[in-house]
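**Student:** Please build the complete structure, drawing on both the sequences and the hints.
Protein chains in written order, with this note's numbering: chain R, 2 to 115; chain H, 1373 to 1487.
Hints listed in this document are in silico derivations from the structure and should not be mistaken for laboratory results.
Where hints are given, some of them may not hold.
[Unchecked claim] Chain H side only, calculated, beta carbon under 10 Å to chain R, not exhaustive:
id: 1; residue: Gly1375
id: 2; residue: Gln1378
id: 3; residue: Trp1406
id: 4; residue: Gln1409
id: 5; residue: Phe1417
id: 6; residue: Ile1427
id: 7; residue: Asp1428
id: 8; residue: Phe1437
id: 9; residue: Gly1457
id: 10; residue: Ala1461
id: 11; residue: Cys1464
id: 12; residue: Ala1465
id: 13; residue: Glu1475
id: 14; residue: Gln1476
id: 15; residue: Arg1483
id: 16; residue: Val1486
Built from N, CA and C at the ideal position, the CB exists for glycine as well.
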Amino acid sequence: DAKTTQPPSMDCAEGRAANLPCNHSTISGNEYVYWYRQIHSQGPQYIIHGLKNNETNEMASLIITEDRKSSTLILPHATLRDTAVYYCIVRVTQSGGGADGLTFGKGTHLIIQP
Amino acid sequence: NAGVMQNPRHLVRRRGQEARLRCSPMKGHSHVYWYRQLPEEGLKFMVYLQKENIIDESGMPKERFSAEFPKEGPSILRIQQVVRGDSAAYFCASSPGTILPYEQYFGPGTRLTVT
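**Tutor:** And the structure:
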């Protein structure tokens, strides 16, 4: 799986959009970009994933550059409960056969300020 | 639809005892993953199982650790003769494994403390 690079920490004011960058310059054509987060002491939580196109769900938006070498996770209106470590993971998935374990890096510790 | 369930949530064992951690995947999910998070460290993949099969155990320590996912019942992570270094949070995740791209859903974890 391709390696990812994320800033170790970021601050964001409550109510503002939080934009979390991720570099994955060695990504392959069959690798997806996933985002998970871990709120202190809890199990990781799946947020969103994408391959080429931008994606949006009820939690966040994922913007992937045209060359796919980087992406940005956007939390449109951050709340205090969004304070967590956010992980950007790039991995191959295989049709019909399941997939291997996730490789978590150090992630970005996002702190939402009141 | 209930999420991934893990029990116990907290487990205290003395050195040399055995620890058994249980994981019930989400309904309809046939793939289970175990991860370990040591204090102040990131999550590390341990093992990936499907019903009655170990698919990938590349992250499992070579000794004392074993995992199973029987045809009936929860997946079990077993640690024999625990040592203080085994103290960690152990997370289980499940995925349906049949529909791309296989996002994993995590349980709340079991916090193992070895005294």
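**Student:** Honestly, which of those hints from before does the structure not fit?
**Tutor:** When the structure is compared with the hints, numbers 8, 9 and 16 turn out to be violated.
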